[in-house]
Structure formats: C-alpha cells, structure tokens
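Participant: Each chain, written out:
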Amino acid sequence: DQQVKQNSPSLSVQEGRISILNCDYTNSMFDYFLWYKKYPAEGPTFLISISSIKDKNEDGRFTVFLNKSAKHLSLHIVPSQPGDSAVYFCAASAENYGQNFVFGPGTRLSVLP
Amino acid sequence: NAGVMQNPRHLVRRRGQEARLRCSPMKGHSHVYWYRQLPEEGLKFMVYLQKENIIDESGMPKERFSAEFPKEGPSILRIQQVVRGDSAAYFCASSPLGAEQYFGPGTRLTVT
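Top line first, the protein sequences correspond to chains X and Z.
Numbering of the first sequence is given in my numbering, commencing with residue 218 and proceeding in unit increments.
Numbering of the second sequence is given in my numbering, commencing with residue 2 and proceeding in unit increments.
Here chain X stands alone, though its shape is the one from the complex (with noise of 0.2 Å):
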C-alpha cells in the first residue's frame, strides 16, 4: 500500500519551459513534504520542504504547491533547464512518526535542449 505516489514514472520537457512534477499521498496525519533530486550513482539531494500550514513554498526556479484538502502536492521547476535531468522523489512525514520519511517511487525528468 503506497503512502505516497508520483503517478508519472517520467517526464519530457523542452528546456525553458515549465516541469511540473506532481505527488499524491493518502495518509492526512502526513504534514512535513520533502522533494529531493536523484542524479545516477549519487545519493538524492534535498531540494525545497513545505510544512502543512502553508500551501506555497519558493526557492529561486523552484516552487512547492501544497493542496492539503486534496493530498495532492506539485514542484514546479521554472524555466527548466538541461541540468534538471534527474530523478525527483517527494516525501512526507508526519509529526507523530519522527523522521521516518516515507518516499514516492520518483519521477524521472528529462529536459530537452
């Protein structure tokens, strides 16, 4: 049973547009999210977090949507670029589970020069 899904195994973007990436999850306790990208052989790197009493976050080209009513959360990466190619995992947690980050199965973006 999936806590946390990335419906979309992979996405095509041509450079300069926007990538949307998006992350349902099914557990309401969940109120810390997390998006990570995931080069090959190296370990994931954090990209931005959003806490469930905001619905917006934004860092630079990156900005965290959070719908809690619809347990639905998106990356937006605006303008995309080549070296956005990766894997991108979002996460989640909640309070009462400590740290114990449960993962999507990612989304792998490919950014079309």
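What the hints contain is simulated information worked out from the structure, not anything from laboratory work.
Be careful, since some hints might not be right.
[Unchecked claim] Under the rule of at most 35 Å between Cα atoms (straight-line distance), these lysine-lysine pairs were calculated in the DSBU-like manner:
#1 Z:63 - X:271
#2 X:288 - Z:63
#3 Z:72 - X:285
#4 X:273 - X:222
#5 X:273 - Z:63
[Claimed, not checked] Among the chain Z residues that face chain X by a calculated CB cut under 8 Å, a handful are:
#6 9
#7 42
#8 44
#9 46
#10 49
#11 58
#12 66
#13 103
#14 104
#15 106
#16 107
Note that the structure is a prediction, hence the values are computed from the model and not measured.
We treat Cβ as the ideally placed atom computed from N, Cα and C, and that holds for glycine.
Dock chain Z against chain X, hints included.
Facilitator: Chain Z only, in chain X's frame:
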C-alpha cells in the same frame, strides 16, 4: 565540511556471506537513517538511529538485518547470509534534529 560518507561504494558478496555497509554522518548530525532502493523502485525507509540508540526500525526486515550507531565511529548496516534479493542501493542520510536529511552517495550491493 564533508558531506555524508558511505563506504564501500560498491560491494559484491556471494550468497550466504555477510555485508557490512558504513555511514559517517555530517559533522554535528546525530541522527542517521538507512534507506534501500531496489531497481526501478523508490527509496524505502529501513531504520532511524541516534547515537547508541535505535529509534525506529519499522522498515527493517525481521531477520538477517541489523544496524548500529555507536558512540564512536560510523553507523553500520549489517546483512547476514545475503541473498540475491538483497541486491540494491543502500543510502544513508543524516540530519540535525527536526530538519531535512542529507544523503550519502550510497552503497551498491550486488549478491552473486
């Protein structure tokens, strides 16, 4: 300021042997997490440790797997009597309390 270190980066073991994976957290981080990534799958939480304590091992298989984070030295993930299904990438992450986790480069275990 070194990041999270893991060694070895690649480990090959025959079925039935033991695998030991090491993780040195970032300086100042007292919380360590181990994750496993099977081919074509996402990261699966295994265990969360603080110095000398296992806080949450709900993701650890009941048998053959153990983890420790001693007062001195790295955290160790130990897999006894490895089987082919243990072949995966094992990632360690560390954090200060209540913050995002920083991941190491991973150890790729291959069981032949």
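Participant: All hints, please: hold or fail.
Facilitator: Outcome of the hint check:
no.	hint	result
1	Z:63 - X:271	violated (38 Å)
2	X:288 - Z:63	holds (32 Å)
3	Z:72 - X:285	violated (40 Å)
4	X:273 - X:222	holds (20 Å)
5	X:273 - Z:63	violated (40 Å)
6	9	violated (14 Å)
7	42	holds (6 Å)
8	44	holds (4 Å)
9	46	holds (6 Å)
10	49	holds (6 Å)
11	58	violated (10 Å)
12	66	violated (16 Å)
13	103	holds (7 Å)
14	104	holds (3 Å)
15	106	holds (5 Å)
16	107	holds (5 Å)
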